[in-house]
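Number of protein chains: 2
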Amino acid sequence: MKELIGACMIGQSGGPTSVINASALGCIEAAMQSPLITKVYGAAHGIKGVLNDKIYDLTLEDPEELALMRYTPASVLGTCRYKLADWTKDDTDYKRILEIFRAYDVRYFFYNGGNDSMDTCNKISNYMASQNYECRIMGIPKTIDNDLAMTDHCPGYGSAAKYVATTCMEVCRDAKVYDTGSITVIEVMGRNAGWLTASAALAGNGTFGPDLIYLPEVPFELDQFVADVTKVYESSGDALVVVSEGIKDKNGVLVSSYFSETSKDKDAFGHSQMGGLASSLANFAKAKLNAKVRGIEFSLLQRCAAHLASSTDVEEAYLAGWTAFEAAASGITDKMVAFQREAGKEYRCSTILVDLSSVANLEKAVPREWINEAGNGMLQPFIDYALPLIQGEVDRPMVDGLPRFAKLKRVLTRSE
Amino acid sequence: MKELIGACMIGQSGGPTSVINASALGCIEAAMQSPLITKVYGAAHGIKGVLNDKIYDLTLEDPEELALMRYTPASVLGTCRYKLADWTKDDTDYKRILEIFRAYDVRYFFYNGGNDSMDTCNKISNYMASQNYECRIMGIPKTIDNDLAMTDHCPGYGSAAKYVATTCMEVCRDAKVYDTGSITVIEVMGRNAGWLTASAALAGNGTFGPDLIYLPEVPFELDQFVADVTKVYESSGDALVVVSEGIKDKNGVLVSSYFSETSKDKDAFGHSQMGGLASSLANFAKAKLNAKVRGIEFSLLQRCAAHLASSTDVEEAYLAGWTAFEAAASGITDKMVAFQREAGKEYRCSTILVDLSSVANLEKAVPREWINEAGNGMLQPFIDYALPLIQGEVDRPMVDGLPRFAKLKRVLTRSE
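So the sequence lines, in the order shown, correspond to chains S and Y.
Its first residue numbered 291, the first sequence is counted upward by one per residue in the working numbering.
Its first residue numbered 291, the second sequence is counted upward by one per residue in the working numbering.
Hints were generated in silico from the structure; no laboratory data involved.
Keep in mind that a hint or two might mislead.
Just so you know, same-sequence chains aren't split out, so a pair can sit in one copy or run between any two.
[Unchecked claim] Calculated cross-link-like contacts (lysine-lysine; reagent style DSSO-like; alpha-carbon spacing at most 30 Å):
1) K582 <-> K338
2) K538 <-> K654
3) K582 <-> K373
4) K582 <-> K635
5) K538 <-> K582
6) K576 <-> K538
7) K699 <-> K582
8) K635 <-> K329
9) K699 <-> K635
Next comes chain S alone, as it looks inside the complex (with noise of 0.2 Å):
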């Protein structure tokens, strides 16, 4: 196979995650070292930047300010939701992205996102290839929901779940410290794969962790869950749930849709917006109770807590980011790096490759048999699924008692 000689473009897409730069960084750092690249550059706001000809020169960085990469949350390039057309039947963007491409003589393109940012990873491969355009197309895989198929797990959850886990230990003893008892309701981030809300199962080990999880993998019944908190309630005192964002009702309604005219409002994906459902759920138990309430939605905080990340998380996702460039340098093209875990009780995984097309817009989801048979707590495969995900501490650069984040020149580039 010959040599291809050109341009490395990295972008970044979807919503941050502590460990996407690591990956970006992975890539980046594999790039720069390559004799096969003339030029390193990044897309500002992913494909955005590509259409807009934002680029920016990143061989004109410091390195050691680059490879703080690694400990800073939430694309450094900056990020988009922006979904293309079908080209076969609107090749608009497509042209420009390949005008941009030849223009900077971008050879090797890297998209590193969830399974949105796969199906235009995967749509822009297959054009380029229809206008015999050469140029190597991978994808670098991050989200916190960790709902991509075709890959154990995905950079980006192991730190939001050490996230959850850790913690609903504290607000589980912040919210038990009181004799007069308590119901406290956690909202996750998750719209249809409930993986993140799951992870709070792994607090404490039972002693300081949450009485009830709800996923949006089982259908959600007010009346049970009514049943369910007061169960608990009853029992010792207090009650501490954590629910999924996305749970649904048997007829798919978000029950967020219940308690929220704004849940019907949409993003370019069709995905709904949400927001609100602990402090609802919360009030809906307190008038069933005439218990204390209390609403808690973890937020931005759970995927950009860059302090708590999980230093198994960030080596795997400068992996993929490391892994991307080198199979594209060997000839590769139109794939997505993904996870593969060894059998064995020791927690092992090695990367693989697999088809762009296998993955983009699939959503995997929390298989049935890792839930209990009431649809309100986790078992043990789970556990022994997640666990390994978010061991280790990161070592990360302090100053003044704070973190030290990457800050990037962002030199922009003119292609003209």
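Got chain S; can you put chain Y on it based on the hints?
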């Protein structure tokens, strides 16, 4: 002065902090090794445990497990919000407290709490003196609010401030990654004093920090708020705003009460119950600016996030407890341990003892001259004051990637 031999009892009161147990541990470990002390008791849920004769025998605990209190957030003995009557008008509770003190031979009583708790402590001290019951009574300060009088700062504040500053940095990174513009409003605890809200100004030395900060010390005007946010949003395309839950207008009306009926609920101390301010202000700005907005409430997380504790705070908290015991053992009573900062550039603090009556029920506000003239940001003197308090990370014991909290047996003892 004659040696006073007898039992020691400690109670915890008011809202939890990350380091309240470090203070209790300092006192307990000092008592355990003192030849004056016959028994070390913990009152379950503060003064309510005394009134209800729910007393733990702490000498039955494993010392290694007790030592984990240093890293365990939220009162391990349980807490309460219970206001004692004026004993000259109604001495019912006081007679009961004396009865229990006699039954357990309590000669050393320590109360670990905020200004309300120092009031409780002072009243008990006065009553015991009036009854000629010899008992040394000391207050051990704790509050994330940092509003205690007579002390440079208060254990609990440094850790909560480190949480607020760190999390603001992370949210700042997350909230600004899209190119579509957004306004994010974060709500921080603090009814009348803005110390904790102000700590957001420590975030990232301006690079990754909030654009606007509003404290209860400065009358809040909605129109000015919108003007401030508009200015920031129009110049940078984003705005990150931090507000105290307790911001009030020039008539002293809580801004949260503009938006919510529930803000009229009051607790046993007459404090209003608040919440939902961040989302309300964000939506208010949205209506004016047609921007994407998000409200984030740090909720319980800011006061129980022991994983982000400041080691300076943890060590001072322990010292406060130890010093309280040592002072009592030396014959002192009716005092609270306070901190006095030494002059000079390098941070050094020593403990002093102050009269409980000089602390009880007072609230120390942030000096107006530490807030900028516009009332929407902090000035350098505040940074110089607060930055030393968040220094140092805690090397806390971990099991399976999660914190290891103290699991006490909490064996109830009986006075008969």
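Hint check:
With identical chains, the CA atoms of K582 and K338 are at most 30 Å apart between copies only, with a shortest distance of 18 Å across copies and 47 Å within one. Proximity of K538 and K654 under a CA criterion of 30 Å is satisfied intra-copy only: 17 Å inside one chain copy versus 47 Å between copies. For a Cα distance limit of 30 Å, the shortest separation of K582 from K373 across copies, 19 Å, qualifies, whereas the shortest one inside one copy, 44 Å, does not. In this homomeric assembly, K582 and K635 never come within 30 Å of each other (Cα to Cα): the closest approach is 43 Å inside a single copy and 47 Å across copies.
In this assembly of identical chains, the alpha carbons of K538 and K582 lie at most 30 Å apart whether taken from the same copy (25 Å) or from different copies (25 Å). For a Cα distance limit of 30 Å, the shortest separation of K576 from K538 qualifies both inside one copy, at 21 Å, and across copies, at 28 Å. For a Cα distance limit of 30 Å, the shortest separation of K699 from K582 across copies, 27 Å, qualifies, whereas the shortest one inside one copy, 50 Å, does not. Taking the shortest alpha-carbon separations for K635 and K329, neither the intra-copy value of 43 Å nor the inter-copy value of 47 Å comes in at or below 30 Å.
Neither within a single protomer nor between protomers do K699 and K635 lie at most 30 Å apart by alpha-carbon distance, with minima of 45 Å and 33 Å respectively.
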